[in-house]
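Visitor: Following the hints, put chain B in place on chain A, whose structure we already have.
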Amino acid sequence: DAKTTQPPSMDCAEGRAANLPCNHSTISGNEYVYWYRQIHSQGPQYIIHGLKNNETNEMASLIITEDRKSSTLILPHATLRDTAVYYCIVQAGGYNKLIFGAGTRLAVHP
Amino acid sequence: DAGITQSPRHKVTETGTPVTLRCHQTENHRYMYWYRQDPGHGLRLIHYSYGVKDTDKGEVSDGYSVSRSKTEDFLLTLESATSSQTSVYFCAISNPTGGYNEQFFGPGTRLTVL
Chain A
1 DAKTTQPPSM
11 DCAEGRAANL
21 PCNHSTISGN
31 EYVYWYRQIH
41 SQGPQYIIHG
51 LKNNETNEMA
61 SLIITEDRKS
71 STLILPHATL
81 RDTAVYYCIV
91 QAGGYNKLIF
101 GAGTRLAVHP
Chain B
1001 DAGITQSPRH
1011 KVTETGTPVT
1021 LRCHQTENHR
1031 YMYWYRQDPG
1041 HGLRLIHYSY
1051 GVKDTDKGEV
1061 SDGYSVSRSK
1071 TEDFLLTLES
1081 ATSSQTSVYF
1091 CAISNPTGGY
1101 NEQFFGPGTR
1111 LTVL
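If you're matching them up, the sequences are chains A and B in order.
Quick note on numbering: the first sequence equals residues 1 to 110 in the numbering used here.
Quick note on numbering: the second sequence equals residues 1001 to 1114 in the numbering used here.
Bound conformation, chain A alone:
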């Protein structure tokens, strides 16, 4: 599975968009990009995933570059409840483990 690189921490003002970057320069053609988050001491929560195209759901948008070597998770209107650790994971279309790195600790402030 390809490795990912994320900034260790980011800040965002409440109500503004939070843009969380992820580099995955060694991603293979069959690997998906997943985003999860973990709010303090809770279980990780699935946010979104994509393969090639940009994706949007009720929680967030995922922008994947054309060469697929990087992606950005966008929370369009961050709230205090979005304060969490965000994990970017790339994984082939297999059925087993997710490799969680250190993630990005996002702090949303008033």
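What the hints contain is simulated information worked out from the structure, not anything from laboratory work.
Check the hints yourself; a few may be wrong.
As the list claims (entries may be wrong) - A few chain B residues facing chain A, derived, Cβ under 7 Å: (1) Leu1043; (2) Phe1090; (3) Tyr1100; (4) Glu1102; (5) Phe1105; (6) Pro1107.
What the hints assert, rightly or not - If we take Cβ atoms under 7 Å as the criterion, some of the chain B residues that face chain A in the derived model are: (7) Gly1003; (8) Gly1106; (9) Gly1108.
What you are looking at is a predicted structure, and each value in this text was computed from that prediction instead of being measured.
Glycine included, each C-beta is placed from N, C-alpha and C at the ideal position.
Guide: Only chain B this time, still in chain A's reference frame:
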């Protein structure tokens, strides 16, 4: 939220005692997983199951065993608990389709081994 419960939610035990953690799902998902989370290590896979009685090891399986006799239950057993197994344990479930595999996590069990 996916119907996943873990029991117990908190447990304190002594070194050398056996411990069993239970994960129960109501989603009828095929795959179930056990992870542990420690400071500085993120989440690491212990064991997973891809069907009733079908299990496989993850990256940190030593000292742990699992069993899955029913679709809805996945048990994690520490035969003889050690202090290094003090951790937060998360169960997850998934039903892979279309080549991708999103996992849904339970609330976690905090285990302390004295």
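Visitor: All hints, please: hold or fail.
Guide: Against the structure, the hints come out as follows:
no., hint, result
1, Leu1043, "holds, 4 Å"
2, Phe1090, "holds, 5 Å"
3, Tyr1100, "holds, 5 Å"
4, Glu1102, "holds, 5 Å"
5, Phe1105, "holds, 3 Å"
6, Pro1107, "holds, 6 Å"
7, Gly1003, "violated, 13 Å"
8, Gly1106, "holds, 5 Å"
9, Gly1108, "holds, 5 Å"
Hint compliance for this structure: hint 7 alone is broken.
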